[in-house]
Amino acid sequence: DIQMTQSPSSLSASVGDRVTITCRASQSIASSLNWYQQKPGQAPKVLIYAASNLQSGVPSRFSGSGSGTDFTLTISSLQPEDFATYYCQQSYNSPRTFGQGTKVEI
Amino acid sequence: EVQLVESGGGLVQPGGSLRLSCAASGFTFSSYSMHWVRQSPGKGLEFVSGIRSNGDRTYYANSVKGRFTISRDNSNNTLYLQMGSLRAEDMGLYYCARDTGYTSSWYDYWGQGTLVTVSS
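Read top to bottom, the protein sequences are chains S and F.
Yeah, the first sequence ends on 106 if you go by the working numbering, and it's all consecutive.
Yeah, the second sequence ends on 1120 if you go by the working numbering, and it's all consecutive.
One or more hints might be untrue.
Unchecked claim - With a cut-off of at most 30 Å between alpha-carbon atoms, the simulated DSSO-like pairs for lysine-lysine come out as follows: (1) Lys39/S - Lys103/S; (2) Lys103/S - Lys1043/F; (3) Lys45/S - Lys103/S; (4) Lys1065/F - Lys1043/F; (5) Lys1043/F - Lys39/S; (6) Lys1043/F - Lys45/S; (7) Lys45/S - Lys1065/F.
Unchecked claim - Computed list of chain S residues with no C-beta within reach of chain F, every gap over 10 Å: (8) Arg18; (9) Ala30; (10) Pro44; (11) Ser76; (12) Leu78; (13) Ser91.
To be verified - Restraint ranges, calculated between C-beta atoms of paired labels, are given here: (14) Ser12/S - Ser1031/F: 41 to 47 Å; (15) Ala30/S - Val1002/F: 41 to 47 Å; (16) Asn1054/F - Thr20/S: 37 to 43 Å; (17) Ser1017/F - Pro40/S: 41 to 47 Å; (18) Glu1001/F - Thr74/S: 27 to 33 Å; (19) Gly1016/F - Thr74/S: 31 to 37 Å; (20) Thr1069/F - Asp70/S: 24 to 30 Å; (21) Gly57/S - Val1005/F: 30 to 36 Å.
No wet-lab data here; the hints were simulated from the structure.
Backbone N, C-alpha and C fix where the C-beta goes; we use that ideal spot for every residue, glycine too.
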């Protein structure tokens, strides 16, 4: 199975901060990397698909980059509604493994 | 509007069985691969199982292979997960999710989940 490792596991930030979360795959996954946001009590929601594509309806302050084994999710200016847990997921092959999550806290 | 509604969760003893269902509406169910993803209490997301649109191919996490069976009924727009030999580590919230089916696919819709508790 492909292992996905996110860092950091948690971070504290303030409204307006630029936030960067990284995700590393244990082998090359080309651009088959997705980012999800999950708020307490809610199902996850896709933000970025295929490494750098913004899902329809997602604010442009979210962006993704990377290919191969190293990927990044960036929030350019953190908003109050962005405090949540973020997961990366590879869809290069099955099983579709997730990273362990990054909790973004105030 | 796309809707995915899971049901069938509950309390089951270790070694027991349970069948989860996911009722889909608002899209052509038979055109999409569907997956189950679980989340243990306070933990992260874990892929459990997936099935292609016509049911001809299935996928399982190593942790559930041989104990769980995924299936679908395209005439009734319903996804199933038959769970057997349940263990404490199978406890959690089970989501069904629609897979976009592209080469580098993603989950574009999720249900709200159904809770499975394994305890004596």
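Check: Can you list which hints this structure breaks, lowest number first?
Finding: Hint check: 9, 10, 13, 15, 17, 19, 20, 21 fail, others pass.
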